[in-house]
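K.L.:
Please take these sequences and the hints and turn them into a complete structure.
Residue numbers (our numbering): 1 to 477.
No lab work stands behind these hints: they were computed from the structure. Predicted model only: the values in this text are computed from it and were never measured.
Just the calculated beta-carbon pair ranges, DEER-fashion:
#1 M1 with F362: 50 to 60 Å
#2 Y342 with Q214: 20 to 30 Å
#3 V348 with E52: 42 to 52 Å
#4 E349 with K59: 53 to 63 Å
#5 K351 with P5: 52 to 62 Å
Cβ coordinates follow ideal geometry from the N, Cα and C atoms, glycine included.
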Amino acid sequence: MPSIPLWQLDATDLSRLLQSGEVSAQEAVQSSIDRMHAVNPGLNAVVTDLSEAALVRAKALDAAKGPKGPLHGVPVTIKINIDQKGESSSNGVVAFKDMRAPGDAPLVKNLLDAGAVVIGRTNVPEFSRRCDTDNPIHGRTWNPWGRHLSPGGSSGGAGAAVAAGIGALAHGNDIGGSLRFPAAGNGVVTVKPGVGRIAVYNPSQTVERGILAQQMSAQGLITRTARDLHLSMPTMIAPDARDPFHVPLPWRGPAPQGPLKVGFSLAVVDLPLDPQVEKALLAARAALADAGYVVEEVTPPSLKEIAFEGRSALMTESYQLMAEDIARYGSPAIAGVFEENYRRTPTVEMKPMLEMLARRTFYARQWSVLMAEYPLFLSPFHPLPFYAPGRDAEGAEGLRETIGQSHWSMLGNYLGLPAGNVPAALGDYPEGPKPIGVQILGQRWREDLVVDAMIAIEDRLGTLSQQLWARMDNRMG
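P.N.:
Right, here's the structure in full:
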């Protein structure tokens with residue numbers, strides 16, 4: 001047995017102990033459950049406690065002959081906007097809170113097939129449409145670093161949970177930054193897969209999502225360390241006929257021939273780059289260079305145009321397909337954020353919409369050509385330090401300083417490219433410490449290269465977990 005509590009181990013170290021039999025699934029799961037019960041009351045990250053079922057599953061795994069799969073006994077959480085059989089997929093909406101999923105979404109099935117144990121389901125904003133996490137059913141999720149920080153959204157519960165030690169892995173999803181905002185705000189790690197990488201389907205759905213939602217959203221995991229993504233993400237890639245556009249390519253692509261070139265930019269579109277964010281980016285660049293990458297400053301093609309048109313096209317689709325439901329079922333808070341988003345990024349008529357969608361291929365070609373030379377691209381994720389809870393609901397300025405600065409984030413979604421986020425510093429601000437994440441875009445289908453680069457950064461700049469847990473212990477007395 002290790003000298004530290006099992007919940008403190010990342011998924012890679014925990015899995016090694018589980019695979020060898022040095023630790024039982026019941027011990028690993030119980031440790032995470034104990035941690036959840038100790039810290040979740042102050043965070044509200046997990047809103048459905050599945051402890052009882054988790055321990056039953058862990059006992060069954062221990063009784064089986066040999067490990068079930070690479071995640072045998074590893075505790076995980078699932079976001080409440082994805083179907084898990086028998087559980088509510090409310091998406092934070094009061095009208096949907098009693099709806100029960102008739103079956104598992106592909107990613108849930110794949111995680112269970114790999115031996116993972118679901119200990120709880122994590123919180124979201126209403127309709128998963130904010131970059132903060134609060135809803136009328138479950139209330140607000142708090143950031144484990146302190147109440148001066150939002151946990152991000154829409155996978156805010158997932159980010160807060162895994163950072164705090166509630167499960168080694170946390171499922172989330174991302175249509176405009178919903179994996180990367182929580183990773184950045186909570187000081188943990190993720191990679192948003194490219195379009196088609198992970199099979200997507202909710203058995204409870206009655207209509208199909210809009211075509212842009214299909215093309216821009218992705219399922220993924222938030223982890224405590226970058227190496228955990230190499231362990232866990234391949235388990236989510238399995239053929240599933242329910243997603244006819246899924247491309248089940250192997251996780252690992254061909255090994256690079258020679259040093260890998262990385263494009264680098266400090267470019268911002270609207271507000272200036274915060275000095276501490278810039279310092280973190282320069283540290284990440286130096287870390288990659290020290291690891292043998294060739295990092296060169298590159299002007300990012302069409303950054304402003306891609307961000308604006310991506311938001312405008314997605315807003316147009318969302319307004320046409322979701323406005324009635326938000327008006328009918330949503331709270332005044334989500335209705336206000338949605339309407340302010342509409343005022344900030346107006347919808348467009350049919351012809352301009354079709355022209356924008358046509359230009360999407362032009363922008364994708366620009367980046368495809370660029371990434372033939374630079375398979376990775378290091379950039380800001382957000383030009384500002386992370387924001388306070390509820391900032392996105394504070395009118396035009398609040399939106400401008402939160403989702404309005406997601407130019408680099410939107411690029412990954414609109415073009416369907418993989419994009420990772422890894423902490424590169426812990427910023428020192430008057431209101432308190434703030435993790436600073438940097439983004440790494442990757443060549444299409446090369447999530448593995450993004451993760452390799454994040455590991456290189458993490459190996460040189462360290463992780464934030466121990467600092468966070470010490471702060472949490474001090475607050476808890």
